[in-house]
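Participant: This is what each chain is made of:
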Amino acid sequence: MNALRVVIAVLSVGTVSVAGIYLAAWVDLLVGRAVAGLEVRPLDALIAPLRWGAATALKARTTTERPDAETWALAPALLAALAAVGLAAVPLAPGLLAADVANGIVLFGAAMALVVVAVFLQGWSPNSPLPMIGGYRFIAEGLSYEIPLAVVLIAAALPARSLAIAPIVTSQEHLWNIVRQPLGLPLYLMAGLGLAFWGPLALPGGQDLAGGSSLETSGVSRILWRLAQLLVLVAVAAMGAAVFLGGWLGPLFPGAAWMIVKTVILLVPLIATRHFVARVPTERYVVVSWAILIPLSLLDVFIAGIQALVAAR
Amino acid sequence: MGVKAALARLAAGAPARCFAVVGAEADEIAPWLRLDPELAIVDSPRAADVLLVLGRLDDEMLRAAAGVHDAMPPPRGVLSWSPRGERPVSWPPGGERPVSWPFTDDVRVDDPAQIPAACRRLRDELLSGRRASSPDTLPDIDPAPWRGVGPFGQGGAGMTGGVPYGRPLAARADDRDGLKLDQILVRVGPYLPPFPSGLVLDVKIQGDVIQEVSIPTPAAVAPDLMSAGAPSLTGERALFNAALTQPVPVADIEVARARHHLVWLAEALRVSGLEAYGRRVLKLARTMRPEAAEPVDDLSRWLRRNMSLRWGTRGVGMVSASRAAALPGGPVARAAGDGRDARSLDPAYGRLGFTPVVLEVGDALARWRVRIDEAQQALALAQRAGQSLTTPIGLVEGPCGPIGGDRSTSAALVTMLPELLVGMEWGDAVTTVVSLDIDMAEAALPHDAAVAGRAS
Amino acid sequence: MHGIAAALAIFFVTLIGFLILRASERHIAPSTSTAPARVPFTGGRAPDTHAWNRYHVRYYPMTLLFLAFDMEMVFMYPWAVVFVDEGLIALIEMFMFIVILLFGILYTWRERALEWA
Amino acid sequence: MILNVTFWAFSALAVFSGWRVFRADSMVRAAYWLLVSFAAVGIILVLLRAEFLGLILILMMGGEMTIMAVFMVAFMMNPAGLNPMTMVHRNSVAIVAGVVSFLAVAALGLFARFPVARAPEGVDPTRKLGVELLGNSMLVFQTAGVTLLAAMIAAIAISSARGRYGDADQGSVEPDQMVTAPAGDVAAAAAHDPAPVTSPGAHQ
Chain A
1 MNALRVVIAV LSVGTVSVAG IYLAAWVDLL VGRAVAGLEV RPLDALIAPL
51 RWGAATALKA RTTTERPDAE TWALAPALLA ALAAVGLAAV PLAPGLLAAD
101 VANGIVLFGA AMALVVVAVF LQGWSPNSPL PMIGGYRFIA EGLSYEIPLA
151 VVLIAAALPA RSLAIAPIVT SQEHLWNIVR QPLGLPLYLM AGLGLAFWGP
201 LALPGGQDLA GGSSLETSGV SRILWRLAQL LVLVAVAAMG AAVFLGGWLG
251 PLFPGAAWMI VKTVILLVPL IATRHFVARV PTERYVVVSW AILIPLSLLD
301 VFIAGIQALV AAR
Chain B
1 MGVKAALARL AAGAPARCFA VVGAEADEIA PWLRLDPELA IVDSPRAADV
51 LLVLGRLDDE MLRAAAGVHD AMPPPRGVLS WSPRGERPVS WPPGGERPVS
101 WPFTDDVRVD DPAQIPAACR RLRDELLSGR RASSPDTLPD IDPAPWRGVG
151 PFGQGGAGMT GGVPYGRPLA ARADDRDGLK LDQILVRVGP YLPPFPSGLV
201 LDVKIQGDVI QEVSIPTPAA VAPDLMSAGA PSLTGERALF NAALTQPVPV
251 ADIEVARARH HLVWLAEALR VSGLEAYGRR VLKLARTMRP EAAEPVDDLS
301 RWLRRNMSLR WGTRGVGMVS ASRAAALPGG PVARAAGDGR DARSLDPAYG
351 RLGFTPVVLE VGDALARWRV RIDEAQQALA LAQRAGQSLT TPIGLVEGPC
401 GPIGGDRSTS AALVTMLPEL LVGMEWGDAV TTVVSLDIDM AEAALPHDAA
451 VAGRAS
Chain C
1 MHGIAAALAI FFVTLIGFLI LRASERHIAP STSTAPARVP FTGGRAPDTH
51 AWNRYHVRYY PMTLLFLAFD MEMVFMYPWA VVFVDEGLIA LIEMFMFIVI
101 LLFGILYTWR ERALEWA
Chain D
1 MILNVTFWAF SALAVFSGWR VFRADSMVRA AYWLLVSFAA VGIILVLLRA
51 EFLGLILILM MGGEMTIMAV FMVAFMMNPA GLNPMTMVHR NSVAIVAGVV
101 SFLAVAALGL FARFPVARAP EGVDPTRKLG VELLGNSMLV FQTAGVTLLA
151 AMIAAIAISS ARGRYGDADQ GSVEPDQMVT APAGDVAAAA AHDPAPVTSP
201 GAHQ
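Chains as they are written, first to last, in our numbering: chain A, 1 to 313; chain B, 1 to 456; chain C, 1 to 117; chain D, 1 to 204.
Read the hints as simulated data drawn from the structure, not as lab findings. The reader is advised that the hints may include incorrect statements.
[To be verified] A few chain C residues that face chain B, going by a derived Cβ cut-off under 7 angstroms, partial list only: (1) A23; (2) P36; (3) F41; (4) G43; (5) G87.
[Stated by the list, open to error] Here are the computed distance ranges between Cβ atoms for each label pair: (6) D/R20 to C/I20: 21 to 27 angstroms; (7) D/W8 to A/A256: 34 to 40 angstroms; (8) A/E173 to D/P115: 50 to 56 angstroms; (9) A/L296 to B/R407: 47 to 53 angstroms; (10) A/G37 to C/P30: 56 to 62 angstroms; (11) D/A119 to C/S24: 43 to 49 angstroms; (12) C/I20 to A/A256: 26 to 32 angstroms; (13) D/G109 to B/M159: 49 to 55 angstroms.
[What the hints assert, rightly or not] Some chain A residues well away from chain B (every beta-carbon gap over 12 angstroms; in silico): (14) L29; (15) G32; (16) I47; (17) Y285; (18) L296; (19) V310.
Even for Gly, the Cβ is constructed at its ideal location relative to N, Cα and C.
Working from the sequences, and respecting the hints, build out all of it.
Facilitator: Structure follows, in structure tokens:
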């Protein structure tokens with residue numbers, strides 16, 4: 001019976017991942033075309049990611065003079081696996097949770113902490129200067145967003161009295177966390193962008209490094225890296241929807257429908273940042289993250305704490 | 001086989017991914033390629049299907065282009081366009097292989113308008129296997145013999161000696177924070193996308209901070225191009241040079257200036273991560289008219305409001321007043337408080353009430369602002385100018401700086417780079433180089449060539 | 001326990017699935033590796049040395065700060081679970097703990113140790 | 001059954017990756033093999049119903065091993081093992097020490113009488129840990145805070161090349177102290193600019 005549950009969990013997370021990645025790629029194309037002043041053709045944009053994938057898959061894999069071939073191969077797989085675990089920690093509906101652990105936000109945090117390893121390996125492995133700078137940049141970025149990310153999730157756990165995600169969702173029955181912890185969601189999304197090295201926080205793969213960490217990657221590996229990155233974005237959006245937007249809570253429609261809608265509501269602006277917000281400079285991001293975002297996230301914990309104590313009276 | 005065919009059929013609808021290698025006399029074509037939906041200009045040869053070789057390249061550039069070509073994963077192809085259908089000259093005597101043109105099976109295009117379609121066709125043929133992938137241009141020889149050398153056959157001896165896998169390890173160098181760690185030489189260019197095509201820098205870094213910058217071969221483009229005859233001046237370059245000797249409509253000059261600044265802005269936005277918005281600006285650069293300047297005003301407002309762009313450029317790449325004074329002029333100097341502008345000397349501009357745009361700050365943000373303000377001002381001038389003509393006074397204010405003086409602003413900016421970039425983080429250095437708007441064709445063009453162009 | 005089993009299964013299935021996908025490319029586009037194709041890209045010219053050298057991690061003071069804050073997070077998780085039950089004492093205690101650590105950030109920031117370029 | 005297999009599989013992984021740490025030429029690989037070892041131990045902890053401890057171990061080690069990797073790359077010659085190298089030195093001593101400590105730990109495992117204390121059902125270890133932190137161990141907890149602060153300040157004071165009054169290699173002298181310092185020091189201190197410099201790009 002347990003084995004069956006595990007198989008179902010794997011299959012459902014796989015399905016959600018594929019759908020989420022496809023949606024993310026589609027939204028990115030649509031927003032990009034709209035911003036570029038091109039005609040937005042939603043149906044063409046549906047097939048465009050597949051066309052790009054086919055064209056990329058037909059290219060051979062190149063290598064460099066003395067890469068670390070094993071870790072290079074591992075990097076996209078590790079990133080995707082971590083993102084999938086992060087997604088698995090998010091409940092879709094009451095009882096519909098792939099990885100039902102008592103310490104859900106710790107599991108999510110652990111998976112997301114290891115993302116730094118995957119991105120660093122992607123930049124380090126080719127033994128090429130520009131990807132290497134990209135990899136090291138991501139360590140600076142990762143160590144800066146990790147603490148605010150964990151702390152805002154802890155703040156959300158306060159009123160729930162639990163580290164599991166499902167109680168965090170049900171604790172929002174009367175008031176969503178986005179309202180009672182107003183600092184939480186913005187800080188979480190900023191950290192999430194860093195986690196997915198996307199848009200303004202696409203520091204390891206920035207245009208100033210001519211593609212940075214994946215500059216030397218070609219062929220199927222390039223596709224896999226992109227898929228894994230989008231999956232991180234989906235996991236971030238899904239967790240944000242559960243923790244800050246009340247997850248499956250909502251009238252009329254089934255919980256899963258609400259959860260999907262809320263995830264999309266977070267995913268679209270996350271993706272759109274790429275087309276509206278310029279890439280931030282690494283060093284200044286690190287300073288701001290430590291000097292402003294971390295203190296703000298700790299302030300968020302106190303607001304949440306006082307609120308939770310008042311509510312408990 | 002069936003899978004491959006199916007993938008190729010699916011891939012046929014995608015834009016052709018090109019890596020562009022841009023030489024002299026291609027400035028009419030290269031900037032606009034990003035506007036074509038058939039093409040996707042990529043940053044890395046590892047992601048490219050087609051190598052686009054545009055314009056005239058000298059030996060050094062051609063050798064680098066061969067290196068870029070070989071880095072592309074098969075199936076790959078080459079599409080070349082050159083003015084007057086000619087091909088560049090031979091390898092230098094020290095070159096690895098004495099071939100005149102390294103790309104044996106390139107597709108040549110005579111009409112630049114055909115480039116996108118030809119690219120797509122070439123890409124489809126390559127991916128479907130109807131055309132063989134282009135072979136390596138450089139010999140398959142390790143950079144240094146290492147196989148079987150050393151006690152473990154890895155080419156090395158000791159901890160840091162030898163040439164393991166064909167290359168040595170870097171040596172240590174002093175650093176300002178007292179840690180004596182390895183200094184890595186990054187040979188930037190000539191075709192590293194965020195940098196202007198043709199700019200060659202040897203950058204020594206420790207970590208992501210630049211310690212030393214040198215220019216290995218100053219004005220690498222010039223000698224061979226000169227031997228093959230002075231390059232002709234095309235497009236806006238021809239227009240600005242014509243104004244040296246003959247009256248030219250002010251409106252034409254100013255529209256060309258606004259267009260140049262917007263093309264620069266599109267690239268600067270792209271490097272900042274706003275590729276889609278850059279494309280919008282590029283389209284605006286192509287379609288704008290002095291009579292309808294509102295889109296440019298909207299753009300200026302949007303840029304001013306965008307905090308992230310301000311954050312990335314404020315305080316970056318400071319050009320001091322003394323450095324600005326050493327420049328021949330141009331927007332970079334004007335952004336650092338140096339008000340020289342050749343247009344101030346022209347009575348035709350005086351009648352239009354022209355005053356130069358000057359900012360005192362001297363950072364990358366100021367340069368962005370000066371260019372955007374100048375683009376707006378240029379459109380306003382063009383509208384007011386009507387039929388009025390410039391006065392040929394032997395000095396013309398080009399988009400990058402004065403033309404007709406002792407030396408070009410771009411050449412002066414290139415020689416300024418080594419001092420300017422030292423101590424910067426890599427990303428800030430790129431922001432700085434982009435904000436300087438160095439025109440490598442102009443920098444490589446000796447002053448005589450400008451005069452020669454004037455004479456022709 | 002089945003929760004963690006599912007997480008592990010998802011991790012390894014995704015990991016192995018991606019590795020298999022990557023291995024599948026040899027059937028579509030066999031990789032070739034010649035000396036000029038292996039040269040790392042920095043704009044067309046060959047590099048001088050390997051990239052793997054003693055890399056100067058400019059942000060090392062920040063990594064040390066991180067180590068301390070990582071510890072702080074560990075204490076916050078169990079604290080969060082019992083927070084509401086313990087009430088005001090939990091709030092005060094964590095307030096003290098965090099304010100002490102914030103002095104660390106303040107000091108680092110004032111010493112400008114977060115900047116590196 | 002599955003539980004046992006998982007336990008042994010991850011135990012084997014922990015030992016194997018621990019061994020690989022010392023066989024790796026590349027500092028990055030060595031650090032991440034150690035991370036694999038820690039992660040396997042973390043999973044074992046989870047299997048032993050210490051879910052929070054196991055997961056937090058993985059969470060922390062992800063950052064920590066990365067930091068270790070970058071420091072090892074920064075300070076070791078030939079950090080990626082491009083020239084062959086070995087992580088093992090003074091082999092005979094190492095072998096003796098290894099065998100002795102293995103025997104000691106193995107003896108401990110075989111002969112020690114471990115207390116039989118099954119975790120009671122329905123008890124949340126995380127909650128118990130929290131109660132402990134806010135109850136009996138409160139002083140320990142707060143002392144940890146002060147210790148961490150001391151560690152932070154010490155680490156920054158020792159390692160940072162910058163100071164609030166200028167770079168450390170230029171003395172980073174407080175302006176007030178420069179005035180009251182002995183005459184010789186004043187001349188030395190006045191030789192450099194005491195004003196804080198925002199970025200080296202600004203030294204023109």
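Participant: Run every hint past the structure and note whether it holds.
Facilitator: Against the structure, the hints come out as follows:
no., hint, result
1, A23, "violated, 15 angstroms"
2, P36, "holds, 4 angstroms"
3, F41, "holds, 5 angstroms"
4, G43, "holds, 3 angstroms"
5, G87, "violated, 41 angstroms"
6, D/R20 to C/I20: 21 to 27 angstroms, "holds, 23 angstroms"
7, D/W8 to A/A256: 34 to 40 angstroms, "holds, 38 angstroms"
8, A/E173 to D/P115: 50 to 56 angstroms, "violated, 43 angstroms"
9, A/L296 to B/R407: 47 to 53 angstroms, "holds, 51 angstroms"
10, A/G37 to C/P30: 56 to 62 angstroms, "violated, 41 angstroms"
11, D/A119 to C/S24: 43 to 49 angstroms, "holds, 45 angstroms"
12, C/I20 to A/A256: 26 to 32 angstroms, "holds, 30 angstroms"
13, D/G109 to B/M159: 49 to 55 angstroms, "violated, 39 angstroms"
14, L29, "violated, 10 angstroms"
15, G32, "violated, 4 angstroms"
16, I47, "violated, 7 angstroms"
17, Y285, "violated, 9 angstroms"
18, L296, "holds, 17 angstroms"
19, V310, "holds, 35 angstroms"
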